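Enquirer: Build the full structure now, drawing on both the sequences and the hints.
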Amino acid sequence: MTTHAYNLDTRTNANVATGRFSSTRLILAGTVALTASLIGALVIRAIATSTAANTSRFTPLHAASVISLTVIGVLLANATCLWLNRASTKPVATFRAVAGVALAISLIPDAVIWSTGAFPQTRAATVLPLVAMHIFVAGICVLTLPGIGQARPHD
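Under the numbering used here, read the sequence shown as residues -2 to 152, first letter to last.
If you're looking for bench data, these hints aren't it; they were derived computationally from the structure. Do not take every clue at face value.
[Unchecked claim] With beta-carbon atoms standing in for the labels, derived distance ranges: (1) 15 - 53: 43 to 53 Å; (2) 62 - 98: 37 to 47 Å; (3) 40 - 104: 27 to 37 Å; (4) 39 - 140: 32 to 42 Å; (5) 59 - 28: 21 to 31 Å; (6) 117 - 83: 39 to 49 Å; (7) 117 - 44: 14 to 24 Å; (8) 120 - 15: 46 to 56 Å.
What you are looking at is a predicted structure, and each value in this text was computed from that prediction instead of being measured. Glycine included, every Cβ here is placed at the ideal spot set by N, Cα and C.
Expert: Here it is in structure tokens:
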């Protein structure tokens, strides 16, 4: 039995993703990312509100704020994937870079809240959970959207 280079290439390439997003697969990927992000963000919120003394007046930790901003963030990440399919020759790789920049930008309001004390009860115990939520949701999106939403050779 001989192994030809053609056969090896065919088997190898069948398992290699295309580097583009599939609109159809992004529906599932977005659903998974949103579900995991909401669960994670709400768990972080629950821990923060149960361990920190009296966070009721710190509105960024209110459930409505956490849920709405998490939904907006994941939907924007999903929309970015679709846009990059049209705007980039390497949308998956570009998405990972854009996500890193978006994460850094998303931390600016947290730093401003902490440095200015913009809300009652602003302190490390209330702001650091916001930072943790941003990092968690970004991580979920970076893993899930390309992992599940990437087009496959047979798509």
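Enquirer: Now tell me, hint by hint, if it's right for this structure.
Expert: Right, here's what the structure says about each hint:
| no. | hint | in the structure |
| --- | --- | --- |
| 1 | 15 - 53: 43 to 53 Å | holds, 49 Å |
| 2 | 62 - 98: 37 to 47 Å | violated, 23 Å |
| 3 | 40 - 104: 27 to 37 Å | violated, 20 Å |
| 4 | 39 - 140: 32 to 42 Å | violated, 19 Å |
| 5 | 59 - 28: 21 to 31 Å | holds, 25 Å |
| 6 | 117 - 83: 39 to 49 Å | holds, 44 Å |
| 7 | 117 - 44: 14 to 24 Å | holds, 20 Å |
| 8 | 120 - 15: 46 to 56 Å | holds, 47 Å |
In this structure, the hints that do not hold are numbers 2, 3, 4, in rising order.
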